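Novice: Chain by chain, the residues run as shown.
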Amino acid sequence: MVYRKLAIIGEVGAGKTRLISSMSEIQPFETEAESSIDIGKKYTTVGIDYGRISLSEDSALGLYGVPGQERYSFLWELVKESLWGLLVLVKYGEEPNYQNLNKLLTFFEPQNKEVACVVGVTHCENASDQDLTALNSEIQAILEHHKLVAPVLYVDPRNKESATSLLHVINSINGSFSA
Amino acid sequence: MKCIIYVSKVVASGDGLVVPTGLSQLVRKSRRANIERSVTGILSYRQGHYLQVLQGESNEVDHLFSIIKEDRRHEQVTVVLDVSISRPDFLDWGMRLSESVNRDTRFVNLISGNAASIEALGKIEQRLLKIFYNPERFNSSQLKGYQDSNLMLLAWPDFTLVKQSPTVIELCAKLTKAPHSYNSLINSGHFGTQSQLDRILELFEKMEILVIDNSAVQIDSPKVNRVESVFFSKMKKFLKRAV
Ligand SMILES: Cc1cc2nc3c(=O)[nH]c(=O)nc-3n(C[C@H](O)[C@H](O)[C@H](O)COP(=O)(O)O)c2cc1C
Ligand SMILES: Nc1nc2c(ncn2[C@@H]2O[C@H](COP(=O)(O)OP(=O)(O)O)[C@@H](O)[C@H]2O)c(=O)[nH]1
Ligand SMILES: [Mg+2]
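Residue numbers (the working numbering), protein chains in the order written: chain G, 3 to 181; chain S, 2 to 244.
Treat the hints as calculated values from the structure; they're not laboratory data. Model, not experiment: these values are computed from the prediction. Please note that a few of the clues may not be correct.
[As the list claims (entries may be wrong)] With the Cβ distance kept under 10 Å, some of the chain S side facing chain G (calculated, not the full set):
no.: 1; residue: Val12
no.: 2; residue: Ser45
no.: 3; residue: Phe66
no.: 4; residue: Ile68
no.: 5; residue: Lys70
no.: 6; residue: Asp93
no.: 7; residue: Leu130
no.: 8; residue: Ile132
no.: 9; residue: Gly146
no.: 10; residue: Ser150
no.: 11; residue: Asp159
no.: 12; residue: Leu198
Backbone N, C-alpha and C define an ideal beta-carbon position, used for all residues, glycine too.
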C-alpha cells in the first residue's frame, strides 16, 4: 500500500473544506470509505478536514485540510510525514499573516524535504491583475526567504476543474524528473 | 515637470522577515491618489528593495516624495535620478507595479536618456540601481534564438502575465527543477510548436526568470526514486480518467 498525503493549509475561510469536497467529487469510483488510516472523524471537532482519493487498489492520496494558525501546529505534526504535496491557501482581500506563513514554511521545510509546494490564492475571481501582481510579489518574497521555488496560482475551490488542476500541478512538480 | 527615481529598503519585521507587506493596498491607494495629483510612474519590488519612478509637475512630485520619504514601511531612501523632463513617460498609469523594469522599454529609455547623470552616481547608488536595472544581467536570446541552449527558470512566473495553462505549468515544473535543453523541449512535443514555445520563453525572459546557458554542455535528465515515479504514474493515470 502506498499512501501519501496532501496537506492543505490556510486560514479560516480560505477554502480548505470546499476544496477537499471538490477534489473528492473527481473520484471516478467509490472509496473504501472507512479505511484504517482514516483519522478524519476524530479531528473534525478541532477543524481538520479529511478526504481521500484512491488511485488504485494499492495506492491512495489522503487530503488533509489543516488550519494555518500557529496554535494548531499540533495538527501540522499529524500531516508532516509522507507528504506528497503542501498546498498553502491564501485568501485574496485579506492581509495575509506573513508571520504565520513564515512559521509554517519553517515547520514543513518543503525545500529541504523536496516536497512539492504550491500557493493557491482563492477568492480572487474579481481581483485586478495589478492587485494580484502585488500579492504575488509579497508571497514570492516569503518563498524567496525560504529559498523555496514554488508557484503562486489562482484557484477557485468551488470549481471542480480548478481543484483538479492543482493535483496536476503538484504531480507535474513531483514528476518533472521522470517525464 | 520633473522626474525622481529612488531606491529604498523594505523594513524587516521582528523575525528578520523582509516582505513588502501591504503592497497591493499601497499600489491601489497610490494609483488613485497619484491620478488626482497628475503624478505617474512605476513602483517595483525586488530582493527586499523598492524602486519608484515619480513624474509630474515639480511641486507635486517634490511634495509627494517628501511624504513617501518619511513612510515607516521603508528606509534608506536613496535618490538615483532627479531631473527635469518635458513630458511624462508613463502616462497610462497613476502608479504601475512592475516586477521587472529591466526589460521595460520606457524605463530603459529613461535611464539611457540620462546616462550621464547615472554614470556620475556614487558606488552605493549604482549598486542599488543595479538590483533593478542591469543590462548585462541575462544573456539575451534576441540575436541567436534559443536553439542549442540549455534553459532554466529561477522562479515561477507571475500568472497574471502568462496564462496559467497546463502547458505552461508543465514547462515551469521542468525548468524550475533542472536545466533542460531547448531542443529536447521542442522534440518532446509537449509544448506546442516552436513559435508557441518561443513566445512563452520570451515572456519568461521579460520577467527576468529565465536563464539561458549557451555553453552547449549536454544535459542528462536526473534520476528519480522508483516509489515516487510509480505514484506519479498512478496519479497521472487517475487524472486522465478523471477528466
Ligand atoms: C515604497 C512606497 C511608495 C509609495 N508611493 C506612493 C505614491 O506613489 N503615491 C502615494 O500617494 N503614496 C505613496 N506611498 C504612501 C505614502 O508614503 C503615504 O503613506 C500616503 O501618501 C499617505 O496617504 P494617506 O494620508 O491618504 O493615508 C508610498 C509608500 C511607500 C512605502
Ligand atoms: N467567491 C469565492 N468563494 C469561495 C472561494 N473559495 C471558497 N469560497 C467560499 O468561502 C467559504 C469558506 O470556504 P471553506 O472551504 O469553508 O473555508 P475553510 O475555512 O478554509 O475550510 C465557503 O462558502 C466557500 O464556498 C473562492 O475562490 N471564491
Ligand atoms: Mg473548513
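Novice: With reference to the structure, classify each hint as holding or not holding.
Specialist: Going through the hints against the structure:
Checking Val12/S against chain G by beta carbon gives a least distance of about 13 Å; that is not within 10 Å, so the hint is violated. Interface hint status for Ser45/S: upheld, as the beta-carbon distance to the closest one in chain G is roughly 9 Å, under 10 Å. With a least beta-carbon distance of about 21 Å to chain G, the hint placing Phe66/S at the interface is violated under the 10 Å criterion. Given hint, Ile68/S at the interface with chain G, is violated; its Cβ is 20 Å from that chain's nearest Cβ, farther than 10 Å.
Evaluation of the Lys70/S hint against chain G yields a violated restraint, the C-beta minimum of about 21 Å exceeding 10 Å. Taken as an interface hint, Asp93/S does not check out: its beta carbon lies about 12 Å from the nearest beta carbon of chain G, beyond 10 Å. With 10 Å as the threshold, the beta carbon of Leu130/S stays out of range of chain G, its nearest partner Cβ sitting at about 19 Å, so the hint is violated. With its C-beta approaching chain G no nearer than about 13 Å, Ile132/S sits outside the 10 Å limit, and its interface hint is violated.
For Gly146/S, the interface hint is violated, since its Cβ never comes within 10 Å of a Cβ in chain G; the closest pair sits about 24 Å apart. The closest approach between the C-beta of Ser150/S and any C-beta of chain G is roughly 19 Å, which is over the 10 Å cut-off, so the hint fails. Against a cut-off of 10 Å between C-beta atoms, the interface hint on Asp159/S holds, since the closest Cβ of chain G lies about 5 Å away. Interface hint at Leu198/S: violated, since its Cβ lies 16 Å from the closest Cβ of chain G, which is beyond the 10 Å cut-off.
When held up to the earlier numbered hints, the structure conflicts with 1, 3, 4, 5, 6, 7, 8, 9, 10 and 12 and fits the remainder.
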